[in-house]
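K.L.:
Listed here are the chains, written in short residue letters.
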Amino acid sequence: MAEFRILTDEGVDMFRTFLDESARSGESAPTHLLTDRNYSMEFLPKVYLQLSMRFKTKQIFGKYLVHVLAEAGVTRQMVSKNRNFWASIVLRYFDQFCPVDANGRRKVPMEKKDQYEKYPKFIPRYISSGSEQSLRGRRHYALGPYLIYDYNKNSEHQADVLLSGSLDSWGDDVEQTAGRIEVISNKNLIGVIRLLYWDEEAGSLRRGYSTKTRPGNINRLVADLRNQMKLTADWYSMSAKEIYDSLPEEYDFWKKKRGD
Amino acid sequence: MASRNFNYTGRMLITQECIDARLSEIYRKAPLLEMEFNWNMKPALNEIPPGAKLFVDVGKDMSFMRFDYGTFGNPVSPDNVSLSELDSWTSASFVVRIVQGGNLLAASKKHTVSIAQPDLKSRRSLIIADYEDLGERPWKLDVYEEIELPRLVFNQKWWDAAMDSSKPLQEDSKVMGMIMPSVFEGMLNFLMISMKADLHRWYEDQTWKGAWIRFARSLLPDNIPPTYDENETDEVEFLRDSSEWIGNVVANYSESKALSSNLINIGGGE
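As given, the protein sequences belong to chains A and B, one line each in that order.
Residue numbers in the first sequence follow my numbering, run continuously in steps of one, and reach 260 at the last position.
Residue numbers in the second sequence follow my numbering, run continuously in steps of one, and reach 270 at the last position.
If we strip away everything but chain A, and leave its shape as in the complex, we get:
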């Protein structure tokens, strides 16, 4: 177990420089920044992380982080707007978020057109609403799973569908879901996603569930359809099955796959 320190702004800049210049060639992540007093600082209340932890899925990662932070007395409100905290978490477990492939290189996703943050999967991007600043969690490798798990930790399946897959697998569905508080905070809707797209036998998501050209895909469900339905229905007070039964025909394709 190691005490968790967070990067300073200069430390985040160094991390970004690493992403820019060295990460793709497979160089080791600059985790020393997290112990260097010039680039990192103490985080209070103290949090201790197990550095050797391997996270098979995003759900296991989210669960671990929620548990560790809760043990330390760190609430969601204390960290949800702290950019450097989340950049530091990714740096801490960098090889799992951005593994070295068989050729000794890393794939480093970037948003070239984003003038504020080129690497929002590693360093959360600030978003401003007037003078209020918050973080765009939906694109961040650590903040996204943390928020989704935290909101669903008391539900039966703890958002296992959305948080399936390794830490570096990041579909559009996760972004679309993690970016909408009305989705991640609605356990019934998360339950519908499970009913529609989860193949229980295979233990995986059904092929094509997020293909935007396919009727009844997940992106339609959490965006267009949800926005349309919320004018007449209240999905928070309906069970997952009730929502499922009320879905329009375009979802029949997925219902048939379940045998319904």
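Everything labelled a hint here was simulated from the structure, so no lab data went into it.
Every value quoted in this text rests on a predicted model; they were computed, and no experiment measured them.
It cannot be assumed that every hint is accurate.
Taking beta-carbon pairs under 7 Å as the criterion, some of the chain B residues facing chain A (in silico) [claimed, not checked]:
#1 61
#2 62
#3 64
#4 66
#5 87
#6 99
#7 102
#8 104
Ideal Cβ placement from N, Cα and C applies to all residues, glycine included.
On the provided structure of chain A, position chain B as indicated by the hints.
P.N.:
Just chain B, lined up with the frame of chain A:
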């Protein structure tokens, strides 16, 4: 092109007058959202079955809480109305929903309440006081076109110190006397120069924008504010005339409140 939205869903609107909401500050703890409802302010709502469920959905950034207020016919405040799950403890947005069997029968628009502005009964408010970590900056004005209500944001350290000495900043006439002329100037700069709002057309606007414009024009009733026409107005001339008009409004405001005289009387010149 201008567009209009029509409500074909049969869902009723719960108007602002039906809702009395306030955020009560609890020292070092999440605030309480206290709500009361008066459906008589909109008689059409009485068509709703009394047994329909009443919910208040509260959110702020990436945080959300739902409160169960019992039924439309017998609203009962939940035992715990602490906004403990919200990311902010100074303000929150909420929507009131009335639901039966999963069907949405009525809903309010999204409203915002703040620690410093408990009154939601009317649109009289021009600005709300709030606080944030501003480093060493003492205060700033937060305004943009889509904002529910502009905010006068104080430095949190200053705000806390004032609260500790039982003299909230927004009630401190010395502080407000020094700040408000600049706030007023900033607001009019935003409306006239950034937004290039037509102050004649916006005069009837029912949001804070119209309220500020009416207030400003009431201070300078005989002096017509300059207007901006993209094709006809000389930009430099407009900026000069606008600055002059704003300066006169702020001067009259300061005059009407005798701001400098009051500052001297309360020791502002020490």
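K.L.:
All hints, please: hold or fail.
P.N.:
To see whether the hints hold, each was checked on the structure:
| no. | hint | verdict |
| --- | --- | --- |
| 1 | 61 | holds (4 Å) |
| 2 | 62 | holds (5 Å) |
| 3 | 64 | holds (4 Å) |
| 4 | 66 | holds (6 Å) |
| 5 | 87 | holds (5 Å) |
| 6 | 99 | holds (4 Å) |
| 7 | 102 | holds (4 Å) |
| 8 | 104 | holds (5 Å) |
The structure meets every hint from the earlier list without exception.
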